[in-house]
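Student: Produce the complete structure using the sequences and hints provided.
2 protein chains.
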Amino acid sequence: MGQFFYRLYPNVRVKFSLILRTPGIALTKEIPKEKLIEQLDHAMSLSVTNSEIHYLRGTDEYGARMFNEDYLNFLKCLRLCAYHLKYVGDKIILEFCCDWKAVTYWETIAMAIVSELRHREILLQMSRGERDAVFATGTIRLMEKIRILKKNPQVTFSDFGTRRRFMRSWQRYVIEILKEELPKEQFKGTSNTQLAMELDLMPTGTNAHEPVMVLSAIMGQNGNDEGLLQAQQTFLDEWWKMYGYGMSIFLPDTYGTESFLRHLDPGMAAAWKGFRGDSGDPVWEGELWCAFYKRHGIDSRTKLMIPSDGLTLPVMIELERHFRNRLHVSDGWGSDLTNDLGIKALSLIAKPMEADGNPTVKLSNNPAKALGPELEVERYKRVHQYHKHRRIECKF
Amino acid sequence: MGQFFYRLYPNVRVKFSLILRTPGIALTKEIPKEKLIEQLDHAMSLSVTNSEIHYLRGTDEYGARMFNEDYLNFLKCLRLCAYHLKYVGDKIILEFCCDWKAVTYWETIAMAIVSELRHREILLQMSRGERDAVFATGTIRLMEKIRILKKNPQVTFSDFGTRRRFMRSWQRYVIEILKEELPKEQFKGTSNTQLAMELDLMPTGTNAHEPVMVLSAIMGQNGNDEGLLQAQQTFLDEWWKMYGYGMSIFLPDTYGTESFLRHLDPGMAAAWKGFRGDSGDPVWEGELWCAFYKRHGIDSRTKLMIPSDGLTLPVMIELERHFRNRLHVSDGWGSDLTNDLGIKALSLIAKPMEADGNPTVKLSNNPAKALGPELEVERYKRVHQYHKHRRIECKF
Numbered sequence: 009m010g011q012f013f014y015r016l017y018p019n020v021r022v023k024f025s026l027i028l029r030t031p032g033i034a035l036t037k038e039i040p041k042e043k044l045i046e047q048l049d050h051a052m053s054l055s056v057t058n059s060e061i062h063y064l065r066g067t068d069e070y071g072a073r074m075f076n077e078d079y080l081n082f083l084k085c086l087r088l089c090a091y092h093l094k095y096v097g098d099k100i101i102l103e104f105c106c107d108w109k110a111v112t113y114w115e116t117i118a119m120a121i122v123s124e125l126r127h128r129e130i131l132l133q134m135s136r137g138e139r140d141a142v143f144a145t146g147t148i149r150l151m152e153k154i155r156i157l158k159k160n161p162q163v164t165f166s167d168f169g170t171r172r173r174f175m176r177s178w179q180r181y182v183i184e185i186l187k188e189e190l191p192k193e194q195f196k197g198t199s200n201t202q203l204a205m206e207l208d209l210m211p212t213g214t215n216a217h218e219p220v221m222v223l224s225a226i227m228g229q230n231g232n233d234e235g236l237l238q239a240q241q242t243f244l245d246e247w248w249k250m251y252g253y254g255m256s257i258f259l260p261d262t263y264g265t266e267s268f269l270r271h272l273d274p275g276m277a278a279a280w281k282g283f284r285g286d287s288g289d290p291v292w293e294g295e296l297w298c299a300f301y302k303r304h305g306i307d308s309r310t311k312l313m314i315p316s317d318g319l320t321l322p323v324m325i326e327l328e329r330h331f332r333n334r335l336h337v338s339d340g341w342g343s344d345l346t347n348d349l350g351i352k353a354l355s356l357i358a359k360p361m362e363a364d365g366n367p368t369v370k371l372s373n374n375p376a377k378a379l380g381p382e383l384e385v386e387r388y389k390r391v392h393q394y395h396k397h398r399r400i401e402c403k404f
Numbered sequence: 009m010g011q012f013f014y015r016l017y018p019n020v021r022v023k024f025s026l027i028l029r030t031p032g033i034a035l036t037k038e039i040p041k042e043k044l045i046e047q048l049d050h051a052m053s054l055s056v057t058n059s060e061i062h063y064l065r066g067t068d069e070y071g072a073r074m075f076n077e078d079y080l081n082f083l084k085c086l087r088l089c090a091y092h093l094k095y096v097g098d099k100i101i102l103e104f105c106c107d108w109k110a111v112t113y114w115e116t117i118a119m120a121i122v123s124e125l126r127h128r129e130i131l132l133q134m135s136r137g138e139r140d141a142v143f144a145t146g147t148i149r150l151m152e153k154i155r156i157l158k159k160n161p162q163v164t165f166s167d168f169g170t171r172r173r174f175m176r177s178w179q180r181y182v183i184e185i186l187k188e189e190l191p192k193e194q195f196k197g198t199s200n201t202q203l204a205m206e207l208d209l210m211p212t213g214t215n216a217h218e219p220v221m222v223l224s225a226i227m228g229q230n231g232n233d234e235g236l237l238q239a240q241q242t243f244l245d246e247w248w249k250m251y252g253y254g255m256s257i258f259l260p261d262t263y264g265t266e267s268f269l270r271h272l273d274p275g276m277a278a279a280w281k282g283f284r285g286d287s288g289d290p291v292w293e294g295e296l297w298c299a300f301y302k303r304h305g306i307d308s309r310t311k312l313m314i315p316s317d318g319l320t321l322p323v324m325i326e327l328e329r330h331f332r333n334r335l336h337v338s339d340g341w342g343s344d345l346t347n348d349l350g351i352k353a354l355s356l357i358a359k360p361m362e363a364d365g366n367p368t369v370k371l372s373n374n375p376a377k378a379l380g381p382e383l384e385v386e387r388y389k390r391v392h393q394y395h396k397h398r399r400i401e402c403k404f
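Just so you know, the protein sequences line up as chains E and P, in that order. For the first sequence, the numbering used here assigns the number 9 to the initial residue and increments by one for each residue that follows. For the second sequence, the numbering used here assigns the number 9 to the initial residue and increments by one for each residue that follows.
Since the hints were made in silico from the structure, they are not lab data. Possibly wrong hints are sitting among the right ones.
All copies of an identical chain are treated as equivalent in the list; a pair is satisfied when it fits inside any one copy or across any two copies.
Simulated pairs of lysine to aspartate or glutamate, EDC-like, Cα-Cα distance not exceeding 16 Å [to be verified]:
id, residue 1, residue 2
1, K84, D208
2, K23, E46
3, K84, E69
4, K377, E206
5, K302, E42
6, K352, E384
7, K153, E184
8, K359, D107
9, K84, D68
10, K352, D107
11, K41, E124
12, K153, E384
13, K196, E152
14, K352, E124
15, K43, E129
16, K99, E362
17, K196, D98
Tutor: Structure (structure tokens):
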């Protein structure tokens, strides 16, 4: 995504905000402001190392020479842009506003910092024995997952849990243990490129909602509904042009999977590897796709589904079983993998809010997850005929 | 070198041997055979990781795409070949015999294993206090070197000390401290590519005597003296063709620097970056080159000299001073950097002994360092007119 924004949209300005979706949490009381400032400032002092550039240049898992030298040079010189932080009542207001090509890197970093600081504070208030019990809980749950995974070798997954990890050190520990315990056909890799490099794992991941949200805001500005509707397709075409088959995983739910499939060219669906299911009932999502593939004579058994929405191991096992011999399922496992030590995790997100001054909108397959100003949400629903969507209830 | 052998000489068979040049040492009494077997077997179980291949693919410090995919695939599948080990009286006989493209990797690894095992045994016989004093000595000597280097920022160097390091962990510690203490204009990098990757340093190094020794043995077989004389030039032409300017450092002393310069094409000397001085008096070596450059109208101030023969800091300071404004000097610092803890280091080497059944020879600028069967050494001296060489005495 970084290269995509850098090469195609170098002059777009984007504002990101941190949003806490868990009710009843007073983050300002949980995380001392000076500690948050210290960590955000530290992140701004960092830059990509030469070894990391060197490693990225060698990336060929998704096609030869994935990153061009212009982009690698840009990345080498990149520093994170300034942040805007305010503590207002119970709420932490944390915003990042600068060029899209630079601001995009804040998402994962800001979320991981907030998550880690919160857990550090919780641990500080515990006795030594209580602290030890937290990590003991994490270890036991991890080993129990591994025991079940060994009995279910057909369930395969990647670590997608960087943003909401308990702590940096804990994620690393989890990944190290998974690598030692499971074959690489089952534990396929991690979306944390640094860990992939250091622990010799496959760097994995797919694109986020961000590109379509930003392109829709820009192409749909000044009430241009046609441009708004066109944005999704524009993104798909440009993404394919840049990366081809290697990175061809649809993320269909930005404005609802049904709207997405209504406009999807069957030729494109036949060419792309598969899709990620990031909201709504994953069984419903997979069934929609199976029906689409069937309707257009595409063999769904050659296609990959990557569920990634709040997965737990029972859901992963059930999804594989449900779609066996119809879709190949491989999971993007997040918080439940890297933040499962008995302390309730936050539902924290960091999303683009504005692009060149226009508000962004995300609908998703779950109406409760809709993001954006109310009037714009209504407009997007109308343009994407979102009302036609079936009621979605999660089975699990 | 690995890629060079793989791509140009895939079918040559080479025998490497470990040779101890320090007299009066009974290595068989110092290193238990079963421990040596354990480590050599372990080395044979290792392979290059995907992350390392990924990093190597990204190498562009010496020109874009230095390693091609064929070679990277070969490296990915490579395992170290079998070894032949015998304990005979005081002597350890350790030999490696297989395809050149595979056997070449044993040199550094075998030497580092022998060096580390010897030091482990020495430490095991010490009391805890004595052991602590060894590492304290190493730390104090390292910090004293750094103090002097800070006063002499004009002295620049790379770590060339992997083969003869005290221990793997000690080399890493030394390199970490150097990186923290010195600017990267002064501490330029390390020839240990793994450490370069992990510690974000420049991977450095130049070719060894090995290619010219092996090519001379092959091209000079069956008494072909003309082929023997031609081997050096053949190597230079092929090396330049493969790597160009990036890797263009002459190693002139395989059969004596004077013989080398007698045959060196001035156009080639003008094009190449510089030379490494690995035997004999480095002042004499540098003066020979300055005279050569001057005679052919080449500005020696644009040329790089890399002294690498048993360097110590006083020699490095003196060499820089002596050639200031005439040659750019940057040192390849070995044992004195990574194995200076008060325990006398061995003069251990691992060299090719035979190529396709023909004995190899190295003369060097120091007659005491000559390697090979007596009759062949005499033949090489005759062909390379080695008797014309001036008497060499080391000034330091």
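Student: Are the hints correct? Go through all of them and say.
Tutor: Hint by hint, here is what the structure shows:
1. Proximity of K84 to D208 under the C-alpha cut-off of 16 Å is restricted to the inter-copy arrangement: shortest distance 13 Å between copies versus 22 Å within a copy.
2. Taking the closest pair of Cα atoms, K23 and E46 never come within 16 Å of each other, the shortest separation being 22 Å inside a single copy and 58 Å across copies.
3. Proximity of K84 to E69 under the C-alpha cut-off of 16 Å is restricted to the inter-copy arrangement: shortest distance 14 Å between copies versus 21 Å within a copy.
4. Taking CA atoms no more than 16 Å apart as the test, K377 paired with E206 passes in neither setting, with 35 Å inside one copy and 41 Å between copies.
5. With identical chains, the CA atoms of K302 and E42 are never at most 16 Å apart, being 56 Å at best within one copy and 64 Å at best between copies.
6. Proximity of K352 and E384 under a CA criterion of 16 Å is satisfied in neither setting, with 33 Å inside one chain copy and 77 Å between copies.
7. Within a single copy, K153 and E184 get their C-alpha atoms as close as 14 Å, which meets the 16 Å cut-off; across copies the closest is 38 Å, which misses it.
8. In this assembly of identical chains, the alpha carbons of K359 and D107 lie at most 16 Å apart only when taken from the same copy (14 Å versus 56 Å across copies).
9. Taking CA atoms no more than 16 Å apart as the test, K84 paired with D68 passes between copies only; the shortest distance there is 14 Å, against 19 Å inside one copy.
10. Taking the shortest alpha-carbon separations for K352 and D107, neither the intra-copy value of 34 Å nor the inter-copy value of 59 Å comes in at or below 16 Å.
11. Within a single copy, K41 and E124 get their C-alpha atoms as close as 14 Å, which meets the 16 Å cut-off; across copies the closest is 50 Å, which misses it.
12. Taking the shortest alpha-carbon separations for K153 and E384, neither the intra-copy value of 42 Å nor the inter-copy value of 66 Å comes in at or below 16 Å.
13. Taking the shortest alpha-carbon separations for K196 and E152, neither the intra-copy value of 19 Å nor the inter-copy value of 48 Å comes in at or below 16 Å.
14. Taking the shortest alpha-carbon separations for K352 and E124, only the intra-copy value of 13 Å comes in at or below 16 Å, while the best inter-copy value is 49 Å.
15. For a Cα distance limit of 16 Å, the shortest separation of K43 from E129 inside one copy, 10 Å, qualifies, whereas the shortest one across copies, 48 Å, does not.
16. In this homomeric assembly, K99 and E362 never come within 16 Å of each other (Cα to Cα): the closest approach is 20 Å inside a single copy and 75 Å across copies.
17. Within a single copy, K196 and D98 get their C-alpha atoms no closer than 40 Å, and across copies no closer than 51 Å, so neither meets the 16 Å cut-off.
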